[in-house]
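Trainee: Here's the letter readout for the chains.
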Amino acid sequence: MKLGLPTFLRTTTFKLALLYSAMFAAFSAALLVYLYYSTVYYIRNESDRRLDLEFEQLGNAYYTGGMERLSQSVLERMTRTGSTYFYYLEDSSGRKIAGHFQRMPVAPPEVDSKTVYFDFDQPEPDGSMIVRSAAGKFVRLRDNGGALLVAFDTAQQTAIVVRIQRAIFIAAPIGLILSLLGGVLISRGAASRADELARTAEAVMGGELGRRVPVRGSGDEFDRLGQRINAMLDQIEKLVDATRHTGNAIAHDLRSPLSRLRNRLEIALSQPLSQEAASATLNETVEEVDRVLATFNAILRLARLEAGAEGERVRMDVSELAEELAELFDPACEEAELTFKSQIARHLMILGDRDLIGQALSNMLDNAVKYTPAGGAISFTAVRGPDGTIDLTVVDSGPGVPQEARKTVVQRFQRLDSARTQPGSGLGLSLVDSVADMHGGELILQDAGGPPGQPGLKAILRLPRA
Amino acid sequence: MMPETLVEDTVVGDTMRVLVIEDDAEMASFIEKVLVEAGHSVDKAIDGERGLELARSTDFDALVVDRMLPAKDGLTLLKEYREAGGKTPALFLSALGDVQNRVQGLKAGAEDYLSNPFAPSELAARVEALGRRQVGEPQVTSLKAGDLEMNLLTRKVTRAGKKIDLQPREFRLLEYLMRHAGQVVTRTMLLEKVWDYNFDPQTNVIDVHISRLRAKIDKEFEEPLLHTVRGAGYRLQG
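Order-wise, the sequence lines are chains A and B. Residues 1 to 466, numbered by my numbering, are exactly what the first sequence covers, in order. Residues 1001 to 1238, numbered by my numbering, are exactly what the second sequence covers, in order.
Simulated from the structure, these hints should not be mistaken for laboratory data. Certain hints may be false.
[As the list claims (entries may be wrong)] Not everything, but these chain B residues come out facing chain A in the computed CB check (under 10 angstroms):
{"no.": "1", "residue": "Gln1167"}
{"no.": "2", "residue": "Phe1171"}
{"no.": "3", "residue": "Val1205"}
{"no.": "4", "residue": "Ile1206"}
{"no.": "5", "residue": "Val1208"}
All values derive from a computational prediction rather than experimental measurement. Don't be surprised by glycine CBs; every beta carbon is placed ideally from N, CA and C.
This is chain A alone, in the form it adopts within the complex (with noise of 0.2 angstroms):
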């Protein structure tokens, strides 16, 4: 994937990127702030209250023994090990009594506990002096006019602080750019999602109808996005199937009629008529359109059939409407001088449309009264067949269909070349085999094992029981 940079700023990638890394910016940005600010608070805080437990300290010494004690609890203080407390007392009058300076360091502040920051030079053992930052606390001494300071040095506070400092310092750019770099790795992983949706699209804009969008197994959005668009992608190729399959089959099956018609007229224009041979070409001429538009209307049907626009299925008693049938086929049966015989199981149920299960089988029927000769003989049975099914067959003493016929025979507009005589459109077995199909079960064509060269054809419609 290349991109320019415009393009590449108006991408989702770099939006989110972007999104992210400023989310993740502000987020870091006020951990750091609350971290530096809770921090230096706390130190602050812990070095206040270690200075009132000094004051408390010698504030007791004071108390109990007075000025001397004080001094003496002051000096004992600044000798102790390991203190890093600086002290300072003076009398009245300003005079040094004890402490670390010569004298006071800094002025005394107008309020007595209010810590006072200063400087001050300390001399080092090798005789230079370095300059100290101290922080501290100022007492006046009651009924005595002396003052107490007691201070510490702040460079250890300072360096925690300057340490926290620097790490924010660098701290805050390094997180910035994971962030910028992991917001283009999550967000690039759904642009490339994104992309393969796209580029699916774009293939079967193109022609490639089959293409699909490959689904990885996760489950997540992109997936179910991907599942759904694929059965819609197959809902599409169904429904292009069937339209191109329809356009193939009026071209197939209407043509030769309508160039019959067309001959005909042409005929007819080209001579003179008699008032009786117009009219018989006329009434030929508008049987041969009826047929047409039958043929038609069976290709559309068939077409809405296959692309699942037609049929409502509820539960229904199937034995009723074969009951029915066969009471419907029973006279032209025997009006074509074939035996008619019927065995349907009662209160068979499934899910079907009644008008399209009518349909398939009065086709199947239809067709064997059609191919079977005189004094032949046709079963029509319903029975419970394997597998929770329900088995609709029609057995007639015809043709039969060969073997190697089967398949092709409940393909639109395939007869047999011994049914090209006979009159219909080609499309009875199609319907049965849509039907079965929308209904979930199937079509069988069997030998009825008669004689050879008299098989019969024994026509299974298999429906699921409901």
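Starting from the structure of chain A, add chain B where the hints point.
Mentor: Showing chain B alone in chain A's frame:
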């Protein structure tokens, strides 16, 4: 022989006044021609608004409503007409092979449905069947056509006093024919109304049933009652 008219052998029964709501001028005049030849008078409306207005303001015996109409489609028109209390029976016309449309049309308040293209005889027969309906079918207990009589309570059928035995389906078939005595009844109408089938069983099953019925009611009598109307269907004529 080319018939002089689109519907041959039509018996002029009660003259009906029919409103045809159809925007396609050619189709409208075709329907008009068919109905006028069948002895009815026809008013036309070319869009849904005008159709609805006319249907409300004038007393018609039947409406023929196209599904696709400008200004107001056929379904809406019918719904509004029925909601406003309109009682005139309606025949719904729609495009070829659309089963879903049939259901919608009947739900919207049409009494019958016909998909385009249709045979002239089919249209005329269905419109006439509609008109008869409006007269209302008072609770009759017996039907009569010529010397053929049917008692709907005892389910006894006699002709000239002679008892005729009928199978249940034959009885229903004859009942439908007798209720529409004098009118042409098409094969599709019989399939729909007597068998309740909205599909085409292909083989000439109806013809065979009719000829069996005819054998029972006409065979031993001089005057035939059950007539075949060529290219259209059947008619029971007393």
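Trainee: Which of the listed hints are broken here?
Mentor: Checked against the structure, the only hint that fails is number 2, while the rest are satisfied.
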